[in-house]
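Engineer: Here is what each chain is made of, one letter per residue.
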Amino acid sequence: KAGVTQTPRYLIKTRGQQVTLSCSPISGHRSVSWYQQTPGQGLQFLFEYFSETQRNKGNFPGRFSGRQFSNSRSEMNVSTLELGDSALYLCASSLLAPWGETQYFGPGTRLLVL
Amino acid sequence: GENVEQHPSTLSVQEGDSAVIKCTYSDSASNYFPWYKQELGKRPQLIIDIRSNVGEKKDQRIAVTLNKTAKHFSLHITETQPEDSAVYFCAASKDTDKLIFGTGTRLQVFP
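Protein sequence lines correspond, in order, to chains A and B.
Sequential numbering of the first sequence, starting at 1, is according to the working numbering.
Sequential numbering of the second sequence, starting at 1, is according to the working numbering.
Read the hints as simulated data drawn from the structure, not as lab findings.
A few of these clues could be false.
Below, a sample of chain A positions facing chain B; criterion: calculated Cβ distance under 10 Å [said to hold, decoys possible]:
| # | residue |
| --- | --- |
| 1 | Gly3 |
| 2 | Gly40 |
| 3 | Gln41 |
| 4 | Leu43 |
| 5 | Gln44 |
| 6 | Phe45 |
| 7 | Gly84 |
| 8 | Ser86 |
| 9 | Leu90 |
| 10 | Trp99 |
| 11 | Gly100 |
| 12 | Thr102 |
| 13 | Phe105 |
| 14 | Pro107 |
| 15 | Gly108 |
Pulled from the structure, derived: some chain B residues nowhere near chain A, Cβ distances all over 10 Å [said to hold, decoys possible]:
| # | residue |
| --- | --- |
| 16 | Leu11 |
| 17 | Lys22 |
| 18 | Val109 |
Even glycine gets a Cβ: it sits at the ideal position worked out from N, Cα and C.
Start from the sequences, fold in the hints, and give me the full structure.
Structural biologist: Here it is as structure tokens:
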């Protein structure tokens, strides 16, 4: 099976702009989670989707949003970008849920906000 | 909410020595504890996990122990090799809740 894919792989934006990142899970996986990775902060949970519904949400401002489509592909959007949003954004898919199951990570989208 | 603390943040060992990474969680209802390894420039990958009904699990040179009373769990790597050099993340979750990761441990194994 093909692994988790993310597009784009790299992105440069300026403050105030918005950005949309895409994640395609492993075929048959219905749960998609998003994480923000920054040096020293580890992997911070953004949100998790299952069957087009957001099941869990992390402690990020409302500028961060996401959605999942009927084919389980997911997108996350960040509006009004800030310098502090520069990070590696990882998505991960699981068959049914991130708790109790292996999560398979994508390669990430590296976002740089200038 | 759940909080996971991980120590140490960096760990250097000689090839062949053992390495131990410790994590503490706050939510006593947590019941799933995976460990992920992230090599430089690569995506995190699961290396071992343990559930709350088990005290220890081993897979070749890697083992994880869980102390539910103290709410901490540890990763043990024996006979370390240079290819073990990576960042290791612990995590914890309970049913229907998000997976919370520790801040990571950078392990360097010197030949």
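Engineer: Each of the hints needs a verdict: does it hold here or not?
Structural biologist: Hints, one by one, checked against the model:
For Gly3/A, the shortest C-beta to C-beta distance to chain B is roughly 9 Å, which falls under 10 Å, so the interface hint holds. Proximity of Gly40/A to chain B holds as hinted, the smallest CB-CB distance being about 7 Å (cut-off 10 Å). Because the smallest distance between the Cβ of Gln41/A and any Cβ of chain B comes to about 6 Å, under 10 Å, the interface hint for this residue holds. For Leu43/A, the interface hint holds, the least distance from its beta-carbon to any beta-carbon of chain B being 4 Å, beneath 10 Å.
Using the Cβ-Cβ criterion of 10 Å, the hint placing Gln44/A at the interface with chain B is satisfied: the shortest such distance is roughly 8 Å. The beta carbon of Phe45/A comes within 5 Å of a beta carbon in chain B, closer than 10 Å, and the hint placing it at the interface holds. A hinted interface residue such as Gly84/A counts as satisfied when its beta carbon comes closer than 10 Å to some beta carbon of chain B; here the least separation is about 17 Å, so the hint is violated. Interface restraint check: Ser86/A against chain B, minimum CB-CB distance 17 Å, threshold 10 Å, status violated.
For Leu90/A, the interface hint holds, since its Cβ comes within 10 Å of a Cβ in chain B; the closest pair sits about 7 Å apart. The beta carbon of Trp99/A comes within 4 Å of a beta carbon in chain B, closer than 10 Å, and the hint placing it at the interface holds. Residue-level restraint check for Gly100/A holds (minimum Cβ-Cβ distance to chain B is 5 Å; threshold 10 Å). At about 5 Å, the closest approach between the beta carbon of Thr102/A and any beta carbon in chain B falls short of 10 Å, and the interface hint on this residue holds.
At about 4 Å, the closest approach between the beta carbon of Phe105/A and any beta carbon in chain B falls short of 10 Å, and the interface hint on this residue holds. Annotation: Pro107/A was flagged as interfacial toward chain B, and the flag holds, the nearest CB pair being 6 Å apart, inside 10 Å. For Gly108/A, the suggested interface contact is upheld, since its CB lies about 7 Å from the closest CB of chain B, less than 10 Å. The beta carbon of Leu11/B sits about 15 Å from the closest Cβ of chain A, which is more than 10 Å, so the claim that it is off the interface holds.
Consistency note on Lys22/B: stated as away from chain A, and its beta-carbon is indeed over 10 Å from all of that chain's, at 15 Å minimum. At the 10 Å boundary, the C-beta of Val109/B stays outside the reach of chain A, the nearest C-beta of that chain being 21 Å off.
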